[in-house]
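Following the hints, position chain B against chain A.
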Amino acid sequence: MSLVARHLEENKLPSVVVGSARDIVEECGVARFLFTDFPLGNPFGKPWDKEMQRSIMDMALTLLECAWQPRTTVQTPFTWSEDDTWRNAFMHVSEEQREEYKKLGEARRAEQAKTKKK
Amino acid sequence: MIKRRPYRSFLSYIDLSREYYAAHGYSKPYAWISNQKVPFTKLEKPLSECRIALLTTADLKMLPGESSQERHLSRKVYACPVDEAPEHFYTQDLQWDQGSTHTNDNDSFMPLNRLAECAENGRIGSAAPKFYGVMTDYSQGKTSKKSAPQVLELCKEDNVDALILPAL
Chain A
874 MSLVARHLEE NKLPSVVVGS ARDIVEECGV ARFLFTDFPL GNPFGKPWDK
924 EMQRSIMDMA LTLLECAWQP RTTVQTPFTW SEDDTWRNAF MHVSEEQREE
974 YKKLGEARRA EQAKTKKK
Chain B
68 MIKRRPYRSF LSYIDLSREY YAAHGYSKPY AWISNQKVPF TKLEKPLSEC
118 RIALLTTADL KMLPGESSQE RHLSRKVYAC PVDEAPEHFY TQDLQWDQGS
168 THTNDNDSFM PLNRLAECAE NGRIGSAAPK FYGVMTDYSQ GKTSKKSAPQ
218 VLELCKEDNV DALILPAL
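Residue numbers (this note's numbering), protein chains in the order written: chain A, 874 to 991; chain B, 68 to 235.
Derived EDC-like pairs: lysine to aspartate or glutamate, alpha-carbon spacing no greater than 20 Å straight-line:
no.: 1; chain 1: A; residue 1: LYS987; chain 2: B; residue 2: GLU133
no.: 2; chain 1: B; residue 1: LYS104; chain 2: A; residue 2: GLU899
no.: 3; chain 1: B; residue 1: LYS223; chain 2: A; residue 2: GLU882
no.: 4; chain 1: B; residue 1: LYS104; chain 2: A; residue 2: GLU900
Simulated coverage check for chain A against chain B, where a stretch passes if three residues somewhere in it have a Cβ under 8 Å from a Cβ of chain B:
no.: 5; region: 874–886
no.: 6; region: 908–920
No wet-lab data here; the hints were simulated from the structure. In this text, all values refer to a predicted model and were calculated from it rather than measured experimentally. Every residue gets a Cβ at the ideal spot worked out from N, C-alpha and C, and that includes glycine.
Just chain A, with the same shape it has in the complex:
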């Protein structure tokens, strides 16, 4: 997404990236980035929370309008939950999971090889 945003900016089309993978977007480098510290999946606010979504839309539009230089990151004030359970679960690799992940990886590579042959 960040690469597309950069191409648009290079061609005189202003853009704002809205998301939660801060390191990936900022390493790539975009003109404007609205960051919400949420699990990946809901960059525009919690499901069914229209007020939060409206607020994020308003901040994205304000960023479009007001940013005066590239790499402008703004963080929304929203938090996903009181505890950090979600931060410690996604893509977590425990010692117990290693064998399972290894098998999943082998199965995926086999499926990819099969699809390529078709």
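Chain B in isolation, oriented as in the chain A frame:
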């Protein structure tokens, strides 16, 4: 109460994905793009005169009998009229936190209704009649040289003044 941490609070998906895929037996870590220079274009008109569009990485649907892998490989950049948006976008082939949340509410990741409200209340001039879709591609060259120019052309055809890119 003051909260203290010995580490940053937000997650590094570059670190997480490197360790995750290494555990799956991928020996060579993915090399993410890292740029020093960043292009920037100022919005030249007031928002109230601008046509704004949305771009998503989510797919419109998966065809019956198609595997997720086949679908992912056959995906193309698309433009879809806003009034033909799917009730539920297809997101299962994308990397997001399915253990913590869901994508049953389109507006939580593709806010077509929230953008339409902004057009109704005059915050923006208009919402583009179409929205656009692009696939997340392993190949950065393909995204930059093939997909991104296609998105730009679609925006030009629809006289879009600025784009919002929610990254799932």
